[in-house]
Structure formats: C-alpha cells, structure tokens
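We have chain A; now place chain B onto it with these hints.
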Amino acid sequence: MQIGILYSRIRKDEKLLLGELRERDHEVTKIDVRKERFGLESTTADVEDLDLVVDRCLSTSRSLYATQFLDSYGVPVINSPETGDVCADKAKNSLALAEADIPTPATEVAFTKESAMEAIEEFGYPCVLKPVVGSWGRLMAKIDTRNAAEAILEHKETLGHYEHKVFYIQEFVDKPGRDIRVLAVDGEPVAAMTRSSDHWLTNAAKGGETQSFELDDRALELVERASEAVGGGMLGVDLMEVGVEPEADTGETSGTGSGEYTVHEVNHTVEFKALNTATDVDVPAKVVDWLEAKAAEAADDEEVTA
Amino acid sequence: MTSDTDPVMAEDPITGEEIELPADVEVGEIIDSPVTGTELEVISLDPVVLEEAPELEEDWGE
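Taken in order, these protein sequences are the chains called A and B.
Numbered according to the numbering used here, the first sequence spans residues 1 to 306.
Numbered according to the numbering used here, the second sequence spans residues 1 to 62.
Here chain B stands alone, though its shape is the one from the complex:
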C-alpha cells in the first residue's frame, strides 16, 4: 500500500499516457483508464505497472 497522500502516477499500457491513480491504490485493483475507459489491473506498485484487465468470464459474480 502507498501513503494515503502521495499521488500515484502510472503509464497507461494502451496509450502510453501518464495517468494518476487513487492514492490508496492496491495491487489487484481495477482502474478505469481516464484516457480510454479501458479496465486496467494494477499489477505492482513498486514500480507501478498496469495491464489491461482480464475480460469478464462466465463464472464471475457473487
């Protein structure tokens, strides 16, 4: 986990643009890319790495 106050910057893996993540971002969290709206998964925090999130699968849910 990062500090609650530090902004977390990362590279959007699709567009290459720098995007800001919530300060309390978690590994495994899904972020909507502010550039394309694509779902991105936080793979690691040190360094911050994002990847396109897996597609919805049939057995996902509650």
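Only chain A is shown next, with the shape it has when bound in the complex:
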C-alpha cells in the first residue's frame, strides 16, 4: 500500500512504524506538516495516490487541522478528525465517556476562578486540576489545600492562553500506585501495560515504571466501549483500578486488581515505544496489520462509491 505519515518530529514510535512499513515493502510518504499548506480544495502535500494517511503529529493543533483538511479531500486518515476532536480535549473526552455510560472520574468544568473554587471545595481535597489540552502530565495539579487551589487558579488565569481559563476539575482517584495504558485498534487491544510510580502522576513520560498487564474481561469490555465512544481508531486508552486495598503488612498493592476500573482518558496520537519494550507483543507489526486492513477497507469503500 501507499501510506502517508503526517509528522513534525520522528520519535522512536514513528521510527518503529516506518521500519515495519518498509520491511513489508509498503511505499511510505513522510509528510512534514510544517512544510505544507492546506487549501480548501487541495494541499501542497503529495497525498493524491495515497491509500491511507496516518496522523503522527506531535502537535495537537496541527493534528486536528491537518486531518480535517485531508478528510475533506477524501483522503482516508487514521485517526479520523472526529476522533481527534474528542480525544484532544479532556472535557469532550470526559463527556463522550460519560455519555456512553463508561465509568470515568467525576469532572466539572468552570470558567472563572470563583466558580472553579466552588467546584474544588465541593470535590474536597485532594482533587485534580488539568489543562483541557495537554499531555505527558504537563501542568497537572493535585490540589491538597484551599491555599494551593487559590494560588494555582490565579496562576492559571494569568497564563495567557484562553484554554487555561477553562478550569477542568476532577475527583482525585486513589489508584494503587499505577494506571493502565492499553493500545487498542478499533477497540481490540494490541498490548497493555501498567505504569507505576510513587508520584501521583504515573505517565511513562514522567518516568513511571512500565510492566506488561493482562486485561481481564471487564477491562476488555471497557476498552472496547471507550474506543467506540470516541469514534474508534488507533487509541491509547488509560484506565485506573478502583477499590484496590493495599496489603495490610506492607501497605503496598499486590499485582492483582479489584476487577473494577475507571477510564480517565483516551489518546488519539498514541505513543507505543514503551509498550513495545514492556510487553512481548510486536506492537509495530500489530499496528501495521491493522493499517493494512484499514487501507483495504478504504479501497473497498472507494470502489462502492465509484
């Protein structure tokens, strides 16, 4: 197949993907979005003959616009702009999960310092304040006291960008020192791992330790439903275990969970290098298997339309 990769930075993840695609003799067109222009009817990017374009933009804004333009030209894009739109914004993400009746942390959005303070006081301490757009745990705040809340809200209000005045406040989930990242393609898990840390942020990007994780039936069901709730695609579904009691003697959690989860977010330009290392799964191979199937589907759709 002829496949395009939208990018502005080749990370280890893109390199794994490019390696696998080339190994299978697919023709790869790398599209550096920083060098292209996107018009209402066409683009300077060489996309005409592509069977499929995979969005691997590091920048969320570029990802959202570029996929929307390509989609408008009729170029099949992974992930769809609709999925990107829901996943890129934590408020939309939470709403989509809640609307699909998927357990997700209680969340409120407020637009002023005063109303945000009311929300924080109602949640009680600790609670969490997150930017609506952002990743890798950046600018996330666990708020332990009213004094801290007042300071953080004031700082956020002066940060400049209007998005910082959309206060996204969430209950603090007392997870057992780890969360779970699942890479799924249209709801089917490719690989799963836990990310553990003594810090409340367990993101791999923050240095959380990763370990392969076996999904039970409940987790499998939630991953499938969370994927569907945001429109499907190649996604990073993040879950936290709830109701896990620490061991009485050590205070640490055992490897087994309670079997109950809350889904806190779904990511649309998912990184997978850590999963590829933490698990026995050949992640890029599985991803490319799926991309081949999606390209075939897109070709069939085009034949039917033609």
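If you are wondering where the hints come from, they were derived from the structure by calculation, not from laboratory data.
Beta carbons are placed, not taken as given, at the ideal position from N, Cα and C, and that holds for glycine.
Just so you know, not all the hints are guaranteed correct.
[What the hints assert, rightly or not] Now the in silico label distances, taken between C-beta atoms and shown as ranges:
1. A/D46 to B/A23: 22 to 28 Å
2. B/T38 to A/L139: 20 to 26 Å
3. B/E51 to A/E214: 43 to 49 Å
4. A/T158 to B/E20: 43 to 49 Å
5. A/T145 to B/P22: 34 to 40 Å
6. B/E17 to A/G124: 53 to 59 Å
[Said to hold, decoys possible] Sample of chain A residues facing chain B (criterion: CB under 10 Å; computed from the structure):
7. F38
8. G134
9. N267
Frame of chain A, contents of chain B only:
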C-alpha cells in the same frame, strides 16, 4: 534513508564537532547531541544537516 551499515557523520551545529548518527537515521528524527545533550533535528541527509530542535510546545503530546 541511508544504508543500514554506513555510519552517518554530521557536524554538531552548536559545537561544530563531528558526531556520529545512527546508521538508519531519518529526516525529522531527533538526536541527542553526544557533546552537549542538546536535542538536534535531522533536517536533511544529503548532505547531512542538523539544527537545534524546536522547543517543547504546550500542545505537544499524545
């Protein structure tokens, strides 16, 4: 893409020193300078040109 076996040499744009890049280096790839640790972006492969990589921006991520 270069041959998998040929070493790729380039000039570190900050120090001017010659540095070795992975044999399978890609345009767009980010390399940590072995001299200063600075992130360098591979701008082209023929000739090999490196530039200091863009700073992290607020909307970067997954």
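Cross-check of the supplied hints:
At about 27 Å, the beta-carbon gap between A/D46 and B/A23 stays in the expected band of 22 to 28 Å. Between B/T38 and A/L139 the beta carbons are some 24 Å apart, a value that agrees with the proposed interval 20 to 26 Å. Distance hint check: the CB atoms of B/E51 and A/E214 are about 44 Å apart, consistent with the given range 43 to 49 Å. At about 46 Å, the CB distance of A/T158 to B/E20 agrees with the hint of 43 to 49 Å.
Restraint check, A/T145 to B/P22: a C-beta distance of roughly 48 Å breaks the suggested window 34 to 40 Å. Against the hinted window of 53 to 59 Å, the Cβ-Cβ separation of B/E17 and A/G124 comes to about 56 Å, which satisfies the hint. Taking 10 Å as the C-beta cut-off, the interface hint given for A/F38 is violated, the closest approach to chain B being about 17 Å. Hint status for A/G134 relative to chain B: holds, with the closest Cβ pair at about 6 Å, below 10 Å.
With a cut of 10 Å, the hint placing A/N267 at the interface with chain B holds, because the nearest CB-to-CB distance is about 4 Å.
Violated hints, listed in ascending order, are 5 and 7; each of the other numbered hints is respected by the structure.
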